[in-house]
Every structure is written in structure tokens, then in C-alpha cells.
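S.K.: Protein sequences, first through last, are from chains A and B. For the first sequence, the residue numbers in our numbering are 1 to 252. For the second sequence, the residue numbers in our numbering are 253 to 548.
Simulated from the structure, these hints should not be mistaken for lab results. C-beta atoms are modelled at their ideal positions from N, C-alpha and C, and glycine is treated no differently. Treat the hints with caution; some may be incorrect.
The following label-pair restraints were derived from C-beta to C-beta distances [claimed, not checked]:
hint, chain 1, residue 1, chain 2, residue 2, range
1, B, L422, A, A187, 51 to 61 angstroms
2, A, E165, B, S303, 49 to 59 angstroms
3, A, G247, B, F532, 45 to 55 angstroms
4, B, F292, A, G247, 45 to 55 angstroms
5, A, E196, B, F385, 45 to 55 angstroms
6, B, G347, A, L248, 41 to 51 angstroms
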Amino acid sequence: MPKTTFKIWRGDSKGGEFRAYETEYSEGMVVLDVVHKIQAEQANDLAVRWNCKAGKCGSCSAEVNGQPKLMCMTRMNTLPLDRSVTVEPMQAFPVEKDLVADVSVNYEIKKRIKPFKPRPPDHDDGTWTMHQADVERSQEFRKCIECFLCQDVCHVDRDHHYHLEGKFIGPRFFVHAAYLDMHPADAEDRLADLKERDGVGYCNITKCCTVVCPEHITITDNAIIPLKERVADRYYDPLAKVLKVIGLGGKK
Amino acid sequence: MHSPSPNPRRAPFPMSADPTARAETLPETLPLPTVPRRPFLQTARTDRWWSKPLVVFLGLSAFIVYSTWAALQNAHFEFAGYLSPMYSPLFFDPGAGAPSPHAVFGAQPSWWPGWIPLYPAFLILWAPGGFRFTCYYYRGAYYKSHWASPASCGVGKAQKGYRGEQRFPLIFQNLHRYFLYFALAFLVVLSIDVYRGMWFGPNHDEFGIGLGTLVLAVNVVLLSGYTFGCHSLRHLVGGKLNLLARRPARLRAWNRVTWCNERHQLFAWLSLFWVGFTDFYVRMCSMGLWADVRIL
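Okay, chain A solo, but in the shape it has when bound (with noise of 0.2 angstroms):
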């Protein structure tokens, strides 16, 4: 069998430091499983969380060769191996231990997020009519499995942090927000939150949160963009408060 040399973050939230390992991988290895060989057989107290192996927990996210990826999705014959792997942990984030990132900050902040709160039913009998049209453009946030690598690559987290400082929600939480704020049954108010709290304005559109997303969810086009309109709408078109004010505008 083929060798290859994983170069994998050791280390806690004191600091730590990249080691070596060579070790053995065969055809259809994906980066996971070369690292459950080398912590069954080379290091058996390294950290790493995993759980379904298929891509739907969102639990194995990590750096591999400096981009966060899925590792249980990341195919060893996707990755150059004349040259060592590097792996290591969500960069965003506090370290647990070696690959495992304290990701607990991102729970704290969908809790500040406007939970959905349903207009009046458009029926006597209390329930609404949707169009598959309207669903559609929600329904696809909804396959967002809170990997965080999103959260992670975005530079606005990644180098600033200002995820722990409270001024920015994140690209997930963009696609929480714009999964209730387009819902075809919601009356909640979150634009003021999005503008002032969350910071949607901190958004670059660099688009690296949609390149990572292993859902393939487009979080750029889709939920940031359509935000960051709907709040120009209220705060930074004068135009469009006149069409509100003669009622042309302002629909949600």
C-alpha cells in the first residue's frame, strides 16, 4: 500500500504544534479514516469527533491542507500526496483538544435570532396556503447541517472574531435568519437585529462560505444578499421609504 505523511495539530487551548505521522492508505480512504489509523496505531490519544461518516452530522469538520472540509467527505485522491497533509482544527474556534473545536459559541448565538412567529392564517379552519414556489426558497437553508466550516472560513470570524465579540452572527446564522425572514407563514421583524446586532453589513461577499458548504447551499446569493437588501430596503433607500409612505412599498 501506498504511503503518505499526515502533518496533524496536536495541542489544547493552552497551544500545541503540528507532528508527523507516515502511515499507510489504500484506495477509497478518505481523510477520516487515515486519521483513525494513525490514532489506532501511532497515537491513540488523538482527538477527533466524528459520528456519521456520510456527510450528515457536520461533525468531522476540520483544515485539511488548509481548507476546512468535511473529513469524512474528503477523498485521499482529491489531495496532492507527494506532500504531506496537513490537518488541524477550525481555526475560528477555542481548541478542545487536537482536531476537536469548541464550536458551543454558535448555539449561544442562533438563541439571539428572532424565532419564527406565523402571520394570521389565511383560513378559517387556522391554516395557510403555500405555494411550492414560495417553500422552495426556504427549503434550502433547511439542508444546512451546522458543520460550521462556513463559520469558519469567513474571514470576518476567522481573523477577526467578531463572532465571540457579539458583533456578527456568521454565514450560518445568515442562513437561519433568511430561512424564517423568507418563510412563507412568518411575520417577524428581524431587520433591525440583522443591521444593528448581528452585523450583516460586516458581509464582504467574498463567497467563501458558499465555496466550503458541503450542502452546497448558496449562502452568498441566497440568504446574505437577499438580507443585506432587504435592509438597505428600510435603512438606506430613501426612495423606497416614499413608496412606503404612498403605499407602494414595504411588503414583506
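Fit chain B to the given chain A structure using the hints.
M.R.: For chain B alone, kept in the frame of chain A given last:
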């Protein structure tokens, strides 16, 4: 290989006591990431991450240099019925002698201060220039290629502080929709130019189609593909509505704008190149270096 460092137990991330409660603020004791931030242009990426921003840098810079040079020429912007899109609409003819048939208001006005040179291209180029500068696609592209914010995904940044588009001055990017309104008007103007490019002869009364007519027409098609894929237009025609399906006309419009929007990057580059090429074609014909081919 030395033994792994011990794993000191540290306090878990502070979670709310009531998991269902809405947290208005985040806990104050948030631990910072352990893996140190990478310095400017440093990354663990092994692919050619620099190639795309480099191509964008060269492409956008080349267009800016060429269009500025072309706007400063004040000559060779028309040939037969053709008018360069960089000079359209032509408000005043900057040349001496008989004014251009394309000049909307004729020759340079007498009230124009003589010590200020008249560059008709600069009177109009702010609108398409502003449309592209505030375009969501170009913003993402030039923030990477020209400002390295960041240079590419997962690559270290130079900037310590960051204001993004949340604060002055880039908060003005939110005016993109106003540039869209001008861009839509320009499509009408450039379509009229295609029509005028179908008339030849000294009096422009001889119908025909030349290669230049097709060049002008392709320019309108590509600019339409770019303009009708605008994110702001997508929002205005229907994206702002949650109950879009109840308005079939707007749903159809939204679907068509979405089709263009999914190809926004493609149309952005094709139309950018073709605007430059159209000016170049007219310029070459006007200078007598290229002979325009009459098809009809």
C-alpha cells in the same frame, strides 16, 4: 516524536442555564481560538489560491487603464453610424468643427469654462462605473484581488481592524440599486445606438448591417445579461416578497432574473471585455486601421 501535551481541563464554554431562552447578548468570557492567526498572505493551502485573484487583478486593472485612456482621447469614438459605448450617450461633441450626429446637445457649450477640458466620456462613465463598483459580484472579487481582504479564502489578512460595509465609507455600497436604475437606462441608450448603427452613407439614410452593428448588438446583449442578473434587481422584482407565488408576473420575472443572476460572474466578465472591445473596434475603424465589413 515527543509525547503529546497534557489536556488541562478548562471550564466549558458558558452556556445559558435555560436552553430555550433567547440570549440577547453573548457571554462575556469567550475564549479566543487557540490556533494562532496566520500572518498576511500565509496559509496552509497547497493549491494555487493566488491564481484567481491575480487574474481578477490583471483583468480589472487592464480595463480601468484602457477605459481611462480611451476616455481621455476625445477622438476616434465614432465611425459611420457607430458610437463607442464609452462615449454613449454623447452629450457634447468635444471636437472642433461640425458637431457629431450622435451629440445630443451639439457642440461644446459656450458657457463651458475654456480652461476645463471637456471629456464627454467622463460625463457618463461614472454611472456604469458606479454600477460595477457597487456590484455584489465585483465587490467580492476586488475585495480579494485589490484589497486582499482576504486575498483568498483561508489566507491570512494584513488588516487588524475591520469595518466591512457596516460603517463609512463602504456603507455606501448599499446605493447599488440607484446605479442599477442608471444601468437600465443605459441599455435603452445603447439599443438606440445599435439602431443608429444600421444607417450608413454621408447622410445616414442608407440601411445596412455591418460587422460593427453586430459588435454593438452583442454589446447590448451581454450588458443586458449582466444588468438583468443584478442582485438588487432580483430583490426588487420579487425577492423582497415572501408570498411571491401570489403574483405570477413578478414570480416569472424573478425566475428570469434568477437565471441571469446564477450567471452573473460570467456576464460580468463577458460584458466588461466586450465594452472594451466595442470601443476598440470603433477606434480601429475610425483610425483607418481596420476596415468595417458590410454584411448587408
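S.K.: Does each hint fit the structure? Answer for all of them.
M.R.: Outcome of the hint check:
Checked against the hint of 51 to 61 angstroms, the C-beta distance between B/L422 and A/A187 comes to roughly 32 angstroms, which is inconsistent with it. The hint said 49 to 59 angstroms for the Cβ distance between A/E165 and B/S303, and at roughly 34 angstroms that hint is violated. For A/G247 and B/F532, the hinted distance range of 45 to 55 angstroms is satisfied, since their beta carbons lie about 49 angstroms from each other. At roughly 52 angstroms, the beta carbons of B/F292 and A/G247 sit within the given window of 45 to 55 angstroms.
Between A/E196 and B/F385, the C-beta spacing of about 26 angstroms breaks the proposed range 45 to 55 angstroms. Distance hint for B/G347 and A/L248: a CB-CB separation of about 45 angstroms, consistent with the stated range 41 to 51 angstroms.
In summary, the numbered hints that this structure violates are 1, 2 and 5.
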